[in-house]
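Chains as they are written, first to last, in the working numbering: chain A, 1 to 145; chain B, 1001 to 1145; chain C, 2001 to 2145; chain D, 3001 to 3145; chain E, 4001 to 4145; chain F, 5001 to 5145; chain G, 6001 to 6145; chain H, 7001 to 7145.
Hints may contain errors.
[Claimed, not checked] Below, computed lysine-lysine pairings styled on DSS-like, alpha-carbon distance capped at 27 Å:
#1 B:Lys1026 <-> A:Lys87
#2 B:Lys1024 <-> A:Lys89
#3 C:Lys2087 <-> D:Lys3024
#4 G:Lys6087 <-> E:Lys4089
#5 G:Lys6089 <-> E:Lys4087
#6 F:Lys5089 <-> H:Lys7089
The set of hints was computed from the structure by calculation and includes no laboratory data.
Number of protein chains: 8
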Amino acid sequence: MAFRVYLSGEIHSDWRQRIIDACKAKQVEVEFVSPNTDHESSDAAGDCLGAETQNFWRDHKSAKVNAIRIQTAIQSCDLAIIRFGNKYKQWNAAFDAGFCAALGKPYLTLHDEELIHALKEVDAAANGWATTPEQIVEILDYTLR
Amino acid sequence: MAFRVYLSGEIHSDWRQRIIDACKAKQVEVEFVSPNTDHESSDAAGDCLGAETQNFWRDHKSAKVNAIRIQTAIQSCDLAIIRFGNKYKQWNAAFDAGFCAALGKPYLTLHDEELIHALKEVDAAANGWATTPEQIVEILDYTLR
Amino acid sequence: MAFRVYLSGEIHSDWRQRIIDACKAKQVEVEFVSPNTDHESSDAAGDCLGAETQNFWRDHKSAKVNAIRIQTAIQSCDLAIIRFGNKYKQWNAAFDAGFCAALGKPYLTLHDEELIHALKEVDAAANGWATTPEQIVEILDYTLR
Amino acid sequence: MAFRVYLSGEIHSDWRQRIIDACKAKQVEVEFVSPNTDHESSDAAGDCLGAETQNFWRDHKSAKVNAIRIQTAIQSCDLAIIRFGNKYKQWNAAFDAGFCAALGKPYLTLHDEELIHALKEVDAAANGWATTPEQIVEILDYTLR
Amino acid sequence: MAFRVYLSGEIHSDWRQRIIDACKAKQVEVEFVSPNTDHESSDAAGDCLGAETQNFWRDHKSAKVNAIRIQTAIQSCDLAIIRFGNKYKQWNAAFDAGFCAALGKPYLTLHDEELIHALKEVDAAANGWATTPEQIVEILDYTLR
Amino acid sequence: MAFRVYLSGEIHSDWRQRIIDACKAKQVEVEFVSPNTDHESSDAAGDCLGAETQNFWRDHKSAKVNAIRIQTAIQSCDLAIIRFGNKYKQWNAAFDAGFCAALGKPYLTLHDEELIHALKEVDAAANGWATTPEQIVEILDYTLR
Amino acid sequence: MAFRVYLSGEIHSDWRQRIIDACKAKQVEVEFVSPNTDHESSDAAGDCLGAETQNFWRDHKSAKVNAIRIQTAIQSCDLAIIRFGNKYKQWNAAFDAGFCAALGKPYLTLHDEELIHALKEVDAAANGWATTPEQIVEILDYTLR
Amino acid sequence: MAFRVYLSGEIHSDWRQRIIDACKAKQVEVEFVSPNTDHESSDAAGDCLGAETQNFWRDHKSAKVNAIRIQTAIQSCDLAIIRFGNKYKQWNAAFDAGFCAALGKPYLTLHDEELIHALKEVDAAANGWATTPEQIVEILDYTLR
């Protein structure tokens, strides 16, 4: 059973790499897809379509260009992992979770205990809540065993 | 053309009432639907199904009970207004936006300029961004004229 | 917000009537729809299309005739209540739950504690688990307040 | 024509292996997918996400983790085989059948004659009812000939 | 429960009127919708869009104009009755049945015993097979009781 | 059978009014919905959300605000009339036609003979092509008779 | 562009083989899928599930077993060819056409001129009408060139 | 991540080839699909199904034959590029854009600045607007990096 996992959310820690590396080590055969996780180039994704003087429109263009990849990732994945770090608002991660829920795509959340209350609606529609990348790997390993 | 508007997001300011009152004053005929906006009873929505000792499960039960109303509201609305205040994380609002986007439901965002960058993905899928309830009313009035 | 509730499952106790009566008493405005709950006429639903000598085909015809009403009820409801009694197998109730889950229709389960383990997959996709009709009424009242 | 078959239901007999072995022997080229059929590890599927003191929540977490695999299996299969043994309630099997029916996925049931009446709604939406794994193999062989 | 029934197929006998009259007599509250059942005006439905010299295109235009009404009827009905007389080919009736099946709309067939073998695929996807309009009325009465 | 018709396209002639008036005169009971047909206020639809210095973004904002009404109109209509005048490019009309086609919504085109070749793909997916508003009225009258 | 074509309808002439052979000769790379075209084994498809004394039920079981293959064929094809011979009623072919139309699957019809009037609704929803297998091959060749 | 791009619109300039060549040069691994871009053979696509004396029907037949390839291209692509040249009406390109929008398929537009106002609705639903094929290549390169 080929299995594609979309890794959505926080870009300022190494959680994606830890999941990918651990799956490789354990020979869990999963294809991972991610949005562009480089902050700077992500913010500049739409610049090639012409410079903007207003922040709103620069952001708008880049967000829509990034959405091309994200849309394909969500529509084609079997499972999404939605990661919330403690610092940032990461509304895009919650947006992706809502998109998955509407499509009936299963997803797991990955966040610390202190975010429980703030994420209760996002967790309520999830297939599970993990606090460490290692738990995610364990579930992937279990799912594909 | 009967028209239903779902008012999603922030519950700590009077933005909903300002929209509802202004529409009434202007005779804009819209049916508004909202989630429960009383913080305390919303957090307690699942308590009638049995007490929980762990916060996670109390939140989980309440979020799922609240989802019954939200689900009907989103599925049956013609337009959603997604409001982000400056203080809170309001991941549920971003979740609703993603849900709307996946269903092809139009939505408008309502937030201050300082949130532009953090909300760029949510705004990118929206039909417009407003900063005041009065702008929302103007668009509703225009849409139904 | 007009609201339609489909009452699925057990037919040998008065749980439906208790919900309907309590909603009326509390002025919770809900439209209830149910399958035919009279055991005998339900089993005979297909007899008017010609007698059958084999049990399988008699059951088959009746189940398909009953499905006309059930299909309309599920497709048009905003919420389903799925009731499992302790005695019978009630696979039709679990079938309805799966049908709701695939359509993204919210549902609540209603069953005793002793059925928790056997119903874990059905409960996992539900918006809540209640043990008494009164709890269901409380949630309907809350949802439509 | 590549063909994927999802084997849902009873885990306490060797029906899956008999189907898989007979297809191999007859060179019927089918890809089979199944839920985790090991009772103990299936019940423990969610334990890696943290221990629970209440049975309901332990079951809840495990059922949702197991649903990841089942969801992919159902969504991607061309045909489901839904097996009901005589002993257990197997509401998850009926739930899977309802899910298939709502998606328009064809399925066959596999159960003894004594369950005919109890399964009439599940059988009514099926593409056929078999009593032995060998009949299932014959239909697969016929379908892919 | 408002209920709409689409009456598809044969136009050369009084089966529609018999169903409508009997429902009225029995106070079965159903809204009936039908295609244009007047052969001549149905064949001429597209003539107002310009005369055609070739039969194929005259038929083509009329069939597409008639499809406007039929499409709304099928999409909005809760149940379709598909009637096959003994004389004609009535491929449009079988086409409507296939359309209903793909949408998950329940339908009943109405035809004589001699057509059983020729209609086996159409009957296989139906919720029941009747031979008289009176049986249809009985099922409608039962469904809405 | 309640029937809603969406009138899309050209805004510089009186075709909408001619259809609406003739239906009223003939007592054809149809509910008509249209986009904003006032050129100036349509172009300014987004201005209330803040002035723009670049034409592209002013157009962008207005088009998205106008899309709220159009989206509801298309999703809820039973039939669309897509009108192409001889002068303008009217890509929005062709866009609406493609949107209808993807949703399976029937539509009629209304344009002069000289546009036949340029509109061949749009006409190919239509239920008919008319050259005068009177023909449209005749079809509506026929459809709802 | 991989391309799958479903060949539906008449089983008493060699039209399928003529299309398949000509595509091979012209190196048109298409994957063809068909229902079981052997009359006798098709009628007996359900016999392995138990003998039936009534013709209706024997037909019913076989039609449902055959539907497994047909369902996968229709759902996964890019184009269907629907063939009507002059002799038989072939309601299954018209049923398949309606099913394709509801799913938005393109199809071509293949039939003689004398069937034009009887097939007008089926042709109206088709992407084209051919009278010879060679025309079908020419369109496949053109489509995949 | 395999990625398919549908190149829709203008056929009188070399924009397709420039995109395809530049992707090859940059090793951007994309599968491109296009409609038939040869004007003459495209207009003649339906001629093999029989000659027509009226232009409307010749165009109709050809457009429907061409739609087979276009339908598969749109349904299976991850991204569409919709190109509008300055000269022609290209309503088929706007039709494709509307079709993509309704399906939730991302698309980019490619056109000169002078078409901004006329294309505002088409651009409003797009993920971006480019003026040169090189910008499209840059976005594809970025998306698949």
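Against the structure, the hints:
1. B:Lys1026 <-> A:Lys87: violated, 42 Å
2. B:Lys1024 <-> A:Lys89: Distance of about 35 Å is beyond 27 Å: violated.
3. C:Lys2087 <-> D:Lys3024: violated, 41 Å
4. G:Lys6087 <-> E:Lys4089: Holds, at roughly 10 Å.
5. G:Lys6089 <-> E:Lys4087: With Cα atoms ~10 Å apart, Lys6089 (chain G) and Lys4087 (chain E) stay inside 27 Å; holds.
6. F:Lys5089 <-> H:Lys7089: holds, 6 Å
Hint violations for this structure: numbers 1, 2, 3, all remaining hints satisfied.
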